[in-house]
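So the sequence lines, in the order shown, correspond to chains A and B. For the first sequence, the positions run 1 to 117 when our numbering is used. For the second sequence, the positions run 1001 to 1112 when our numbering is used.
Certain hints may be false.
[Unchecked claim] For lysine-lysine, the following DSBU-like pairs were computed, each having C-alpha atoms within a straight-line distance of at most 30 Å:
1. A/K83 / B/K1058
2. A/K11 / A/K62
3. B/K1078 / B/K1058
4. A/K78 / B/K1099
5. B/K1058 / A/K15
6. B/K1061 / B/K1099
7. B/K1061 / A/K62
8. A/K71 / B/K1099
9. B/K1109 / B/K1078
10. A/K15 / A/K44
11. B/K1058 / B/K1099
12. B/K1109 / B/K1049
13. B/K1099 / B/K1069
14. B/K1061 / A/K71
15. A/K78 / B/K1069
16. B/K1069 / A/K71
17. A/K78 / A/K62
18. B/K1049 / B/K1071
19. A/K44 / A/K62
20. B/K1099 / B/K1049
21. A/K44 / A/K11
22. B/K1078 / B/K1061
23. B/K1078 / B/K1049
24. A/K62 / B/K1071
25. B/K1071 / B/K1058
26. B/K1058 / B/K1069
27. A/K44 / B/K1099
28. B/K1109 / B/K1058
29. A/K15 / A/K83
30. A/K44 / B/K1058
31. B/K1099 / B/K1071
32. A/K44 / A/K83
33. B/K1049 / A/K11
34. A/K11 / B/K1069
35. A/K15 / A/K62
36. A/K62 / B/K1099
37. B/K1109 / B/K1061
38. A/K78 / A/K15
No wet-lab data here; the hints were simulated from the structure.
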Amino acid sequence: EAGVAQSPRYKIIEKRQSVAFWCNPISGHATLYWYQQILGQGPKLLIQFQNNGVVDDSQLPKDRFSAERLKGVDSTLKIQPAKLEDSAVYLCASTPAGTSGTLGTQYFGPGTRLTVL
Amino acid sequence: AQSVSQHNHHVILSEAASLELGCNYSYGGTVNLFWYVQYPGQHLQLLLKYFSGDPLVKGIKGFEAEFIKSKFSFNLRKPSVQWSDTAEYFCAVTSGTYKYIFGTGTRLKVLA
């Protein structure tokens, strides 16, 4: 079974530039999560999708971050414009269909390491 | 607001030593508890989870964790660590809101 795919793996940009990350979850996984992991901290949930609808985006800085999950499959996370404090690893995870978000095991992708200069 | 505390940020052990990593959470309702592990150069992956039933949960690679509701704790244990257990360990909690809250992680280094 193929895992969660993310691209790019690394990205370096200057502040005020824009950047986008892509995630393709495991086939059939209904729930998709985007996390931000700053160095020395645990993953922080940014947004959770159930199919193509948003379940939770309470911690997403909506003035600069946006995310979409078209057709309930892959997803993109965008930052526009980026700030220095956005430097982090952005993780995507998915949970199988048929399990609630509180019970399902999350399968994580390799992450995208973003450096903002 | 819910939170998860992992008090040990860095742990160094010799092979065959016993391990216990602390995890405490703040939430008064029903919770589901997880330990995830990230080996060097690899993805985060599930080590074990607790939903209900027996509070002593066994996971992969000889790890176990005990849910103590009265102490709001879900400590991870292993009787005898190996060099290959060197990794970062994250405790996580979810409740009825579907939101996962992760702790800050514990970096474990096992000396051969």
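These are the hints, each one checked on the structure:
Among the hinted pairs, A/K83 with B/K1058 is inconsistent with the structure: their alpha-carbon atoms are about 42 Å apart, more than 30 Å. Of the supplied pair hints, the one linking A/K11 and A/K62 holds, its CA atoms being roughly 21 Å apart against a limit of 30 Å. Our distance criterion of 30 Å between C-alpha atoms is met by B/K1078 and B/K1058, whose separation comes to about 10 Å. Only pairs whose Cα atoms come within 30 Å are accepted, and A/K78 paired with B/K1099 is accepted, the gap being roughly 21 Å.
For the hint linking B/K1058 to A/K15, the alpha-carbon distance of about 46 Å lies beyond 30 Å, and the restraint is violated. For the suggested pair B/K1061 and B/K1099, the alpha carbons sit about 27 Å apart, so the restraint of at most 30 Å is met. Restraint check for B/K1061 and A/K62: not satisfied, since their Cα atoms lie roughly 41 Å apart, outside the 30 Å limit. With a C-alpha separation of about 22 Å, the suggested pairing of A/K71 with B/K1099 holds against the 30 Å cut-off.
Between B/K1109 and B/K1078 the alpha-carbon distance is near 14 Å, which keeps this suggested pair within the 30 Å criterion. Proposed proximity of A/K15 and A/K44 is supported: the alpha carbons are some 22 Å apart, at most 30 Å. Simply put, B/K1058 and B/K1099 have alpha-carbon atoms about 24 Å apart, close enough for the 30 Å limit, and the pair holds. A hinted pair counts as satisfied when its Cα atoms are at most 30 Å apart, and B/K1109 with B/K1049 qualifies at roughly 23 Å.
At most 30 Å may separate the alpha-carbon atoms for a hinted pair to count; B/K1099 and B/K1069 meet this at roughly 20 Å. A hinted pair counts as satisfied when its Cα atoms are at most 30 Å apart, and B/K1061 with A/K71 does not qualify at roughly 38 Å. With a CA separation close to 40 Å, the supplied pair A/K78 and B/K1069 exceeds the 30 Å bound. As the CA atoms of B/K1069 and A/K71 are separated by approximately 41 Å, the hinted pair breaks the 30 Å bound.
As the CA atoms of A/K78 and A/K62 are separated by approximately 10 Å, the hinted pair is consistent with the 30 Å bound. Distance hint between B/K1049 and B/K1071 is fulfilled; the C-alpha atoms sit about 18 Å from each other, no more than 30 Å. This hinted pair checks out: A/K44 and A/K62 have alpha carbons roughly 15 Å apart, not beyond 30 Å. Restraint check for B/K1099 and B/K1049: satisfied, since their Cα atoms lie roughly 15 Å apart, inside the 30 Å limit.
A threshold of 30 Å between alpha carbons decides the hint, and for A/K44 with A/K11 the separation of about 20 Å falls inside it, so the pair holds. Taking the CA atoms of B/K1078 and B/K1061, the gap is about 9 Å. The hint holds against a cut of 30 Å. Straight-line distance between C-alpha atoms of B/K1078 and B/K1049 comes to about 15 Å, which keeps the hinted pair within the 30 Å bound. Of the pairs offered as hints, the one joining A/K62 and B/K1071 is violated, with about 37 Å between alpha carbons and a cut-off of 30 Å exceeded.
In summary, the hint linking B/K1071 to B/K1058 is supported, as the alpha carbons are separated by about 20 Å, within the 30 Å threshold. For the suggested pair B/K1058 and B/K1069, the alpha carbons sit about 17 Å apart, so the restraint of at most 30 Å is met. With a C-alpha separation of about 10 Å, the suggested pair A/K44 and B/K1099 falls inside the 30 Å cut-off, and the hint holds. With a C-alpha separation of about 22 Å, the suggested pair B/K1109 and B/K1058 falls inside the 30 Å cut-off, and the hint holds.
For the hint linking A/K15 to A/K83, the alpha-carbon distance of about 5 Å falls within 30 Å, and the restraint holds. For the proposed pair A/K44 and B/K1058, the alpha carbon gap of about 26 Å is at most 30 Å, so the pair holds. A threshold of 30 Å between alpha carbons decides the hint, and for B/K1099 with B/K1071 the separation of about 22 Å falls inside it, so the pair holds. Simply put, A/K44 and A/K83 have alpha-carbon atoms about 17 Å apart, close enough for the 30 Å limit, and the pair holds.
Taking the CA atoms of B/K1049 and A/K11, the gap is about 33 Å. The hint is violated against a cut of 30 Å. With a C-alpha separation of about 43 Å, the suggested pairing of A/K11 with B/K1069 is violated against the 30 Å cut-off. A C-alpha spacing of about 17 Å is found between A/K15 and A/K62, which places the hinted pair at or below 30 Å, so the restraint holds. In summary, the hint linking A/K62 to B/K1099 is supported, as the alpha carbons are separated by about 18 Å, within the 30 Å threshold.
Between B/K1109 and B/K1061, the direct Cα distance comes to roughly 16 Å. Compliance with the 30 Å bound is thereby established for this hinted pair. A distance of roughly 14 Å separates the Cα atoms of A/K78 and A/K15; the hinted pair therefore holds under the 30 Å criterion.
In this structure, the earlier hints numbered 1, 5, 7, 14, 15, 16, 24, 33 and 34 are contradicted, and the remaining ones agree with it.
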